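Asker: Mapping to full-length UniProt numbering: the sequence shown position 369 is 369, numbers consecutive.
No lab work stands behind these hints, which were simulated from the structure alone. Just so it is clear, the structure is predicted and the values come from calculations on it, not from any experiment. We treat Cβ as the ideally placed atom computed from N, Cα and C, and that holds for glycine. Be aware that one or more of the hints could be misleading.
[Unchecked claim] Within a straight-line C-alpha distance of at most 25 angstroms, the following computed SDA-like cross-link-like pairs (lysine to any residue) qualify:
#  : residue 1 : residue 2
1  : 382       : 330
2  : 20        : 83
3  : 198       : 94
4  : 283       : 341
5  : 281       : 227
6  : 292       : 226
7  : 149       : 127
8  : 292       : 341
9  : 428       : 387
10 : 120       : 330
11 : 254       : 82
12 : 74        : 63
13 : 173       : 238
14 : 220       : 45
15 : 68        : 26
16 : 198       : 24
17 : 403       : 347
18 : 74        : 146
19 : 220       : 420
20 : 270       : 292
21 : 270       : 246
22 : 82        : 26
23 : 98        : 77
24 : 281       : 209
25 : 382       : 226
26 : 293       : 330
27 : 270       : 22
28 : 41        : 260
[Claimed, not checked] Between beta-carbon pairs, the in silico distance windows are:
#  : residue 1 : residue 2 : range
29 : 280       : 124       : 26 to 32 angstroms
30 : 124       : 2         : 47 to 53 angstroms
31 : 67        : 353       : 51 to 57 angstroms
32 : 90        : 388       : 56 to 62 angstroms
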Amino acid sequence: MRKVVKFGGSSLANAEQFEKVGDIIRSEESRRFVVPSAPGKRFDGDTKVTDLLYSCYDAAANGGDFEKVLEEIKSRYYEIIKGLGLALSMEEDFQLIKENFKAQIGRDYAASRGEYLNGKVMAAYLGYEFVDAAEVIRFDKNGNLDSEKTDKLLNKRLSKCENAVVPGFYGAKDDGTVTTFSRGGSDVTGSLVAKAIKADMYENWTDVSGFLVTDPRIVKNPAVIETITYRELRELSYMGATVLHEDAIFPVRKEGIPINIRNTNRPEDKGTFIVESTCRKPKYTITGIAGKKGFCSINIEKSMMNSEIGFGRRVLQVFEDQGISFEHVPSGIDTMTVYVHQDEFEEKEQQVIAGIHRLVQPDFVEMESDLALIAVVGRGMKSTRGTAGRIFSALAHANVNVKMIDQGSSELNIIIGVENRDFENAVKAIYDIFVLTQI
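Please build the complete structure, drawing on both the sequences and the hints.
Answerer: Right under this line is the structure:
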């Protein structure tokens, strides 16, 4: 069995956390390929190394004194090295970084050094081979991941390694220019490595014991999801749920490789398994609840709309022409409502309304702002009667007015629209009726 294990910044913030990670890796021989992030915050009020690197590079680019911040970054690494009892020098690495910052080589290069240096420390600590991600993760000239080249490079390089450390978050273009993923991109690196070596499991270690049913900032100590499918995760991630970088799903999903979200500080917890499909019956009817604020709705009414061929296409064409993407389009016989991000819509509001009047001649157009959308997701809903009824009942008891409800034919999710001010109460009410009440 072969596993790829990725550790987030909070898991590698100091020597004590490194030792926990070392114990986890050494406890199973199958944990052969390691993807580290840069050191995160050691305590409240601390600064992540990646943020220090950005600040340091910006100072250098503006002709300021950046060496003081660079020394602070260096001391963070030497603090870890000393705490682990390693005889590892990073003087040459920091000298090169200093020269490249002076030459203003790029912010992506600057940000990537956190993972690069942490990868070197991790490799020395474990006795694993260090593989620079710039050699094996390839981006095209536009800065987009070249999946095919990356897979070939990783497979060729790692097939020669018994054990290896590949730093997360970055790669390089063909000309050697270091390029990064978006924030949290170490998750993607781990997924790419898992795909390339055809791993049996991709373990993603962080500071929570798995994927939670809902946002802990809204519901205190929400339940952990034991098993979630990729489709369910995609729905929840799109609506704002975050534990894993969204792009980390695709490489392993293609290969049928499961992901296991684990807690570095509680390795005994099983965490959450993310799988393509499962016959396991979910613990609750729903798998998760997620949502976002900041939407507005445009309600269009016209008699005999249902018999007018191409009506919906023409309406959506107006939004496309203005560069506005839509979220949901619930409709009735004579009504069609388009939900969009309010901040995208406000500046182009009048152009959109004029375009709708010009193309479809509606009887009436009404707009409503400051709305939130909540996704209730779960494979268990398909085989359970009365799910929508329970949601309506819970929201009524919480005095929440439902503005919209939309359910796809797959019955995997239900989207509910409420006012921004009711968002938190709505999420709590739905959580309570499905998880706490268990009727």
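Asker: Look at each hint and say if it fits the structure.
Answerer: Okay, the hints, checked on the actual structure:
With a C-alpha separation of about 20 angstroms, the suggested pair residue 382 and residue 330 falls inside the 25 angstroms cut-off, and the hint holds. Annotation: proposed proximity of residue 20 to residue 83 holds, straight-line Cα distance about 13 angstroms (limit 25 angstroms). The hinted pair formed by residue 198 and residue 94 fails the criterion: a straight-line CA distance of about 35 angstroms is larger than 25 angstroms. For the hint pairing residue 283 with residue 341, the CA-to-CA distance comes to about 33 angstroms; that exceeds 25 angstroms, so the pair is violated.
In summary, the hint linking residue 281 to residue 227 is supported, as the alpha carbons are separated by about 9 angstroms, within the 25 angstroms threshold. Distance restraint check for residue 292 and residue 226: the Cα-Cα separation of roughly 24 angstroms lies within the 25 angstroms cut-off, and the hinted pair is therefore satisfied. Restraint check for residue 149 and residue 127: the C-alpha separation of about 28 angstroms exceeds 25 angstroms, so the hint is violated. For a cut-off of 25 angstroms, the pair hint linking residue 292 to residue 341 stands: about 10 angstroms separates their Cα positions.
Among the hinted pairs, residue 428 with residue 387 is consistent with the structure: their alpha-carbon atoms are about 16 angstroms apart, no more than 25 angstroms. Note on residue 120 and residue 330: the hinted pairing is violated, with a Cα-Cα distance of about 52 angstroms set against a maximum of 25 angstroms. Of the pairs offered as hints, the one joining residue 254 and residue 82 is violated, with about 42 angstroms between alpha carbons and a cut-off of 25 angstroms exceeded. Using a Cα cut-off of 25 angstroms, the hinted pair residue 74 and residue 63 holds, with the two alpha carbons roughly 20 angstroms apart.
Under the criterion of a C-alpha separation no larger than 25 angstroms, the hint pairing residue 173 with residue 238 is inconsistent with the structure, at around 29 angstroms. For the proposed pair residue 220 and residue 45, the alpha carbon gap of about 23 angstroms is at most 25 angstroms, so the pair holds. Distance check on the hinted pair: residue 68 and residue 26 sit about 37 angstroms apart at the alpha-carbon level, beyond 25 angstroms; violated. For the given pair, residue 198 sits about 21 angstroms from residue 24 by alpha-carbon distance, which is consistent with the 25 angstroms threshold.
Restraint check for residue 403 and residue 347: the C-alpha separation of about 24 angstroms stays at or below 25 angstroms, so the hint holds. Our distance criterion of 25 angstroms between C-alpha atoms is broken by residue 74 and residue 146, whose separation comes to about 32 angstroms. A hinted pair counts as satisfied when its Cα atoms are at most 25 angstroms apart, and residue 220 with residue 420 qualifies at roughly 20 angstroms. For the hint linking residue 270 to residue 292, the alpha-carbon distance of about 29 angstroms lies beyond 25 angstroms, and the restraint is violated.
Pair hint residue 270 plus residue 246 holds up; C-alpha atoms about 22 angstroms apart against a cutoff of 25 angstroms. Straight-line distance between C-alpha atoms of residue 82 and residue 26 comes to about 21 angstroms, which keeps the hinted pair within the 25 angstroms bound. Between residue 98 and residue 77 the CA atoms are separated by roughly 15 angstroms; this keeps the pair inside 25 angstroms, and the hint holds. A threshold of 25 angstroms between alpha carbons decides the hint, and for residue 281 with residue 209 the separation of about 20 angstroms falls inside it, so the pair holds.
For the hint linking residue 382 to residue 226, the alpha-carbon distance of about 19 angstroms falls within 25 angstroms, and the restraint holds. Between residue 293 and residue 330 the alpha-carbon distance is near 18 angstroms, which keeps this suggested pair within the 25 angstroms criterion. For a cut-off of 25 angstroms, the pair hint linking residue 270 to residue 22 stands: about 18 angstroms separates their Cα positions. Under the criterion of a C-alpha separation no larger than 25 angstroms, the hint pairing residue 41 with residue 260 is consistent with the structure, at around 23 angstroms.
Residue 280 and residue 124 have their C-beta atoms about 41 angstroms apart, which leaves the hinted 26 to 32 angstroms range violated. Checked against the hint of 47 to 53 angstroms, the pair residue 124 and residue 2 fails, with Cβ atoms roughly 22 angstroms apart. For the pair residue 67 and residue 353, the beta carbons lie near 56 angstroms from each other, so the given range of 51 to 57 angstroms is met. Checked against the hint of 56 to 62 angstroms, the pair residue 90 and residue 388 passes, with Cβ atoms roughly 58 angstroms apart.
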